[in-house]
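There are 4 protein chains.
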Amino acid sequence: MVTGSDTKMTFNRKLRMGMVGGGPGAFIGEVHRKVARMDGKAEIIAGAFDIEPAKSKQMGKELLLDPNRVYENYKQMVQAELDLPEDERIDFVSVTTPNNWHFPIAKAFLEAGFHVICEKPMTMTLTEAKELKKIVESSGKVFALTHNYTGYPMVKQARYMVKTGVLGKVHKIFVEYPQDWLLKRIELDGQKQAEWRTDPKQAGAGGCLGDIATHAENLAHYITGLYIEKMCADLTTFAEGRKLDDDVNIIMHYENGAKGMLHSSQVLTGQENGLKIRVWGDKGGLEWFQEHPNYLNFYQQGKPVQIFRRGNDYLCEAAKRATRIPAGHPEAFLEAFANIYVNAMDTIRAHINGTKPTELELDFPTVDDGVVGMAFIETVIESDKSSQKWTKIKK
Amino acid sequence: MVTGSDTKMTFNRKLRMGMVGGGPGAFIGEVHRKVARMDGKAEIIAGAFDIEPAKSKQMGKELLLDPNRVYENYKQMVQAELDLPEDERIDFVSVTTPNNWHFPIAKAFLEAGFHVICEKPMTMTLTEAKELKKIVESSGKVFALTHNYTGYPMVKQARYMVKTGVLGKVHKIFVEYPQDWLLKRIELDGQKQAEWRTDPKQAGAGGCLGDIATHAENLAHYITGLYIEKMCADLTTFAEGRKLDDDVNIIMHYENGAKGMLHSSQVLTGQENGLKIRVWGDKGGLEWFQEHPNYLNFYQQGKPVQIFRRGNDYLCEAAKRATRIPAGHPEAFLEAFANIYVNAMDTIRAHINGTKPTELELDFPTVDDGVVGMAFIETVIESDKSSQKWTKIKK
Amino acid sequence: MVTGSDTKMTFNRKLRMGMVGGGPGAFIGEVHRKVARMDGKAEIIAGAFDIEPAKSKQMGKELLLDPNRVYENYKQMVQAELDLPEDERIDFVSVTTPNNWHFPIAKAFLEAGFHVICEKPMTMTLTEAKELKKIVESSGKVFALTHNYTGYPMVKQARYMVKTGVLGKVHKIFVEYPQDWLLKRIELDGQKQAEWRTDPKQAGAGGCLGDIATHAENLAHYITGLYIEKMCADLTTFAEGRKLDDDVNIIMHYENGAKGMLHSSQVLTGQENGLKIRVWGDKGGLEWFQEHPNYLNFYQQGKPVQIFRRGNDYLCEAAKRATRIPAGHPEAFLEAFANIYVNAMDTIRAHINGTKPTELELDFPTVDDGVVGMAFIETVIESDKSSQKWTKIKK
Amino acid sequence: MVTGSDTKMTFNRKLRMGMVGGGPGAFIGEVHRKVARMDGKAEIIAGAFDIEPAKSKQMGKELLLDPNRVYENYKQMVQAELDLPEDERIDFVSVTTPNNWHFPIAKAFLEAGFHVICEKPMTMTLTEAKELKKIVESSGKVFALTHNYTGYPMVKQARYMVKTGVLGKVHKIFVEYPQDWLLKRIELDGQKQAEWRTDPKQAGAGGCLGDIATHAENLAHYITGLYIEKMCADLTTFAEGRKLDDDVNIIMHYENGAKGMLHSSQVLTGQENGLKIRVWGDKGGLEWFQEHPNYLNFYQQGKPVQIFRRGNDYLCEAAKRATRIPAGHPEAFLEAFANIYVNAMDTIRAHINGTKPTELELDFPTVDDGVVGMAFIETVIESDKSSQKWTKIKK
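Chains as they are written, first to last, in our numbering: chain F, 91 to 485; chain H, 91 to 485; chain U, 91 to 485; chain A, 91 to 485.
Any given hint could turn out to be false.
Just so you know, same-sequence chains aren't split out, so a pair can sit in one copy or run between any two.
Each computed PhoX-like pair below joins lysine-lysine, with the alpha-carbon atoms no more than 25 Å apart [to be verified]:
| # | residue 1 | residue 2 |
| --- | --- | --- |
| 1 | 197 | 151 |
| 2 | 484 | 410 |
| 3 | 282 | 393 |
| 4 | 151 | 259 |
| 5 | 373 | 282 |
| 6 | 482 | 320 |
| 7 | 320 | 274 |
| 8 | 479 | 373 |
| 9 | 482 | 147 |
| 10 | 223 | 475 |
| 11 | 479 | 147 |
| 12 | 484 | 333 |
| 13 | 446 | 151 |
| 14 | 485 | 410 |
| 15 | 274 | 373 |
| 16 | 393 | 274 |
| 17 | 373 | 223 |
It should be emphasised that the hints constitute simulated quantities derived from the structure, not laboratory data.
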């Protein structure tokens, strides 16, 4: 179980956390702050929170930070933190800006010697993603990508069951991620979340694709370990005048011969955050739904359906480690997100301590997931643009 | 409500029903018999139940039929029934044989002046389907195709809600139909149901495709009224050595601009009869699941989800007519199947009476659905065979 | 599986069925007719359908009966049927009148040598119930009581699991049966179903108690085999001016030391027919809900929940016998009701054949269940009237 | 929405939190720490964490506290904190010890001028509870009782709907809270949680009753605002040799004429933390289940069921305030628990600021809930001991 104390015994301070992004009105930045705080393992002490310096200051004040540690932009922040004595500097930075800033900011902090926790999609292009991978490798620093849905305990259990052969050979993967919040063109009404997500300059080439379909792809990959070989993709923009896709349909072949379907949308009336995955092998099938995350359904032919429930002893170690409170006391989105932080931060701490992180601590999405994700996004777009032809995955 | 009496007032006898197929060990033939009996509107009095005459006799005996009305084959049956005085002859025949017999049998009975209720897929080819349509038209007889899932009251409610604009413009259709009963090659073990369904000579060019994907297609069409414009289909045979597909993935464009996804399989571990449809328009969304058929979920943006329940006054007339018992007393597969019979038989009765059936009575699948279904099957196969290219629907 | 043919081999005719009650506008009479017909094992040929002779005639006509077999009242019917040659007489009668008529009608037919299928509650008083038991015994005829919910396959599976020790020692029984159809005083608006059920002269001393709480009690008894030792009951009439209870709360001690709770109501807004039972033993727990009858949830400590699904090989023989169509093709209320008929009718047929019915055929509620049910009703009323004191079950 | 910043604008520091209890191996103490941290509004800086001083020290170290602020017992802590300058002292203490310590600790801190957040059941007796109420009142300090289930947004919505008449007059309340973790006598195996909860000296006169049935009672009262008038209670100890009850059955009359049922258990196989409430009025009904806390089902007669979902604009202000992240991103136990803290802490902050807390801030359980809870516990025990007689609620 994740307690507030498990690793503290060998580390006598909280990690010092910085943030770029997460200014007033942001959604995901505040999520990062809440989950970093939850287990008492980190404290936010510095940040450049908004592209408008005044708003960055305002957020720093609200967070009760030392005004000297609240910056006007990320470049100033990198420099100023480097100028501090080592035992005052932040240990890592969380990047929670719109997509177009992920790459330059991550690059700058990595090159200056800071660990980085970064929002997805990782970069604007596959080329950038590959470059970032090189930078991470040469920096020797920890880089975590917040594909947060992989932090759910029952997702870890699903992965374990595939890996240990409980499902047999995987035949079919079905993953979907429907929402409805972009049904109307709220980006025209000044809704900040919608504005940048529907603007190609800030979001990149994918709309719904980069925002959430990429989570679906990552989840399928995390659970099954499989890579897409080729795909046929159909992007649609249902909201008239919108510049990016808001609906995604894909059928896929995986490298092992499995067949896949992925559909995702931000305009499906009444759907909230319906990430759902089903995986079937020749021995068993699994089903997990993000809106009821404490349950994992397991199917076998000719046997009763089994519902695995979070918090039980019969689950795998990774699922147990990702659990804070007993069975029946539901955990949800923030705890799962915090699990990404716990593992990334424990790995950062190991790094600082000069020790080797355990396999369980290393269970968080990395720059490799980011490269796969950007290859996915670019292949989808290529398939769609070339009359929705079957297209080999870019590498 | 369907009572045993509503139409009897103007018709002083039960319909006389014949059957071809439905011998010992058959599944669907006995279903047809149960549902025809249920409401007291028909009595089976004649049949050619099996390709083996001895088995046909055996079944006739079990059904307590007059041995003179139990035939060796359908040709003998047509002739013998015609030789009877008109007021002894069967009124209609139900065709519940393997697929390859549907066309010749239906043709023979229609041309001899009998009404026909026929299993799906209607024929072996689109060409045959079109020919059958001509035969039905020139015969002037009633022809019903047992796409039985359209008989569910909540499916009728779904159709009504699309038709009356409650969903707005339909944007996306998602329909799936997973099973697992063909996971292993039980056709090699003498399982009669599996044998003919996996044999191209009896089943036609589609395996899972013709057996159940066609139900999914029909359900989507019934509810939305939309026609497919083009599709990209990916058929797989997961069970080694099987001659026909056992897994179907399709993405589609509909004529109105809607996008569609259909997946169906008979090898998805632990899936029983998971026909499920979701339809989203710009004003609302619907979800219906065959394994919980008394409920229809209705979604709107920013409003509570609504669960419509069978048996309530707020439902449409077609749904109410398709209901026998009060809300909370669940109805299921047999009752829905019986609803196809009730409407087809009431239409047959109107025909006999020389009256015009009502619009509600005419609510059953016809030869037109059969033509659309065969066009669907042949287009899927063409797309799959031509490297899974986007393919225009055949007409 | 229940086919149309399994027992016909040794019996070359349908059973001849008569009915008392079930006139125009009745609910349960038509249910009895539908379920008797479903499997082709019986045909209704005679009846006294309504207390008004004209309505009885009308119903006979709608049912296409020979007018000579449609009677003005049950006394005339008994006599006239007796006057017929033995091979024309009805084999059994179904009694579907308001409660006050059950006893005299059942008595008359039993004493005249007819088998009886009777609605519940069996009689108006425990005294009558005991008397009827004697009559059944001395008549040597088959008597079935339509506690129809015990006909569901998954209820039979639940019973099997308790009986075979899968649950260990039963500790707690929780059963509930909420409805809302009597929320308003629709008995004042001429609603026939409501009128007699809220009239002590026709319904007896219990309102909701006799109508549905008795089903809940019977279900608990059927599944667990346990008898109530004593109870504390609280009856309420929420609808102002109504003469009988419309809400029931009971806590109970069972003879084996188990504790029980039963609540039932006909005024709980939005509840349709929510019969639900949960049974917990020291090794396992079970949960079954009538509105989703194809599933049975099985609980163990520290293990995944298991969902047993109708139609699978792993179920007990009684559950399999009560199943007509494959897993995933849901069966529901009418099929479960028909299962009571199938077993009762197979037992009647064995009786006619002079053979011994099998244990599986004998699985239907009998006059003993009726005696237990009337003892339950009278004890509830005594407890409630005596300031809701703990009261020993009447015997 | 609860952000990390909403009240900081007017308060330039985190609250200083102390804790008594929550030593190594404790469950609820760590929950209090996580939820206090989550929103960045408080920091734990002092504590007496365990009855064994060495363990208290160990926990302080794990929490990275100043060793000078880690105490051997609560008396030392009160004195030492008072000795500190006012701007270093804790603002409030959280009491998370076994039940027998709640009263003396809360009393000591209140009388010393500290605000208190205290676990339930509040005291060991009703007499103590009334005394504590007087102490709270004379102290003028904030006292919050962690009946944490009232912190769920959809519970607040339920309360709002009852209060605003959406349900009409409340007729029936059904609340249940089954668990299974005490099925076996794990208190004999050194399980710390089980040890004190089954020991009358530490837990008080109620076992399951005081541990969780009291949550059920409080939830029903919170949502409906109703008070119990009298009850008939049946306590059972299923685990042989256990000194306290592990199973509770109660039927109740409420002061407004509503009828109630409450059942709770810690020995129901396979039940995890199944707190569930249903409330029916003459206009509508509600259903909420703790294990799926983001949903609230709303029932009306003759209308579709409505599912209210957390995070939507159509919910009441109290529900919205208790929400951190958007609809479809589930929140759960910890967030609900944190909502009790947020409101209690905002009230404490208002108190420090000398301002008046808003009605929304005051929405947390208080000493009054504790008095009602202890009256409930003592009345249940009196009813059970006096042959389970109907017993008036103690006052």
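Right, here's what the structure says about each hint:
no., hint, verdict
1, 197 / 151, "neither (27 Å within a copy, 36 Å between copies)"
2, 484 / 410, "neither (36 Å within a copy, 44 Å between copies)"
3, 282 / 393, "between (49 Å within a copy, 22 Å between copies)"
4, 151 / 259, "neither (54 Å within a copy, 48 Å between copies)"
5, 373 / 282, "between (47 Å within a copy, 24 Å between copies)"
6, 482 / 320, "both (4 Å within a copy, 22 Å between copies)"
7, 320 / 274, "neither (32 Å within a copy, 27 Å between copies)"
8, 479 / 373, "neither (32 Å within a copy, 31 Å between copies)"
9, 482 / 147, "neither (47 Å within a copy, 58 Å between copies)"
10, 223 / 475, "neither (27 Å within a copy, 40 Å between copies)"
11, 479 / 147, "neither (49 Å within a copy, 55 Å between copies)"
12, 484 / 333, "within (24 Å within a copy, 33 Å between copies)"
13, 446 / 151, "between (37 Å within a copy, 24 Å between copies)"
14, 485 / 410, "neither (35 Å within a copy, 45 Å between copies)"
15, 274 / 373, "between (43 Å within a copy, 10 Å between copies)"
16, 393 / 274, "between (45 Å within a copy, 15 Å between copies)"
17, 373 / 223, "neither (37 Å within a copy, 44 Å between copies)"
The structure does not agree with the numbered hints 1, 2, 4, 7, 8, 9, 10, 11, 14 and 17 stated previously, though it agrees with the rest.
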